[in-house]
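> Letter 144 of the sequence shown, counting from 1, is numbered 144 in the working numbering, and no numbers are missing.
Since the hints were made in silico from the structure, they are not lab data. We treat Cβ as the ideally placed atom computed from N, Cα and C, and that holds for glycine. Check the hints yourself; a few may be wrong.
[What the hints assert, rightly or not] What follows is a set of in silico ranges between Cβ atoms, one per label pair, in the way DEER data are often shown:
hint : residue 1 : residue 2 : range
1    : MET182    : ASN205    : 16 to 26 Å
2    : ALA204    : PRO225    : 39 to 49 Å
3    : PRO94     : LYS70     : 12 to 22 Å
4    : GLY59     : GLY180    : 33 to 43 Å
5    : GLY183    : ASP21     : 35 to 45 Å
6    : GLN50     : MET182    : 44 to 54 Å
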Amino acid sequence: MDPDGGMGTMECDVWTQDCPDGEKCMPWANDGGNSWNATKCSPIDPNPKQPGDTCTVEGNGVSGVDDCAKASMCWDVDPETNMGTCVPFCTGSPDMPMCENPNDSCLIANDGVLILCLPGCDPLLQDCPDGNVCIPNTSGDGFACVLDASGGMGTAGTPCEFANVCNPGLLCLNAEFVPGCMGSQGCCGPFCDLTDPNASSMCANAYTTPGADCVPFFEMGMEPPGQEDVGICIIPQ
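Could you build all of it, start to finish, from the sequences and the hints given here?
Structural data, given as structure tokens:
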């Protein structure tokens, strides 16, 4: 998963759902890959599942065909069973995204193809459901729960390219911020608690190469309420 707020290959608009009657605008992978990079109009199931219901995809998790209702999609799909959970799309617009559930966070990712209302979370607690990881919501405030694609292999200092390939409690950071991160565009690094007196020593020992400290994750004055204590182990800039 590649979080950003740009625009991908759009055959229809996931925000306005401008497909013909009986169809819905869905993200899918039009290049045969494993990541959503486009949108298309797909048939709505005659008995559609609602957000929160167990759902099934046709083919694979990025086919763009499932049995969820309009303006929702099957998420966290098990590749063996093709089953997941329906999650709602964000409403509003790219400039003013909204979620009906106040505890959800609108995540806009994959060049604007994905617009999902996902549960908010605390990166220090990693309080997401099993199989999910808490990462920054680059399209809004705070953090959101997304599929954990680390496989337990995304330890501190491990090269990474996507936001959700690091172990829970870690984040894929630009290489320049991580001590000893070479030959990759990024490496995994841990969150830290700014109120913990041992945070600096924890960060100093987090990587095989020294130089990291516990630095505020948010710029001063930009912290979402309740997340003023969130730090990240990086080389101070």
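> If any of the earlier hints don't hold here, list their numbers in rising order.
2 and 5
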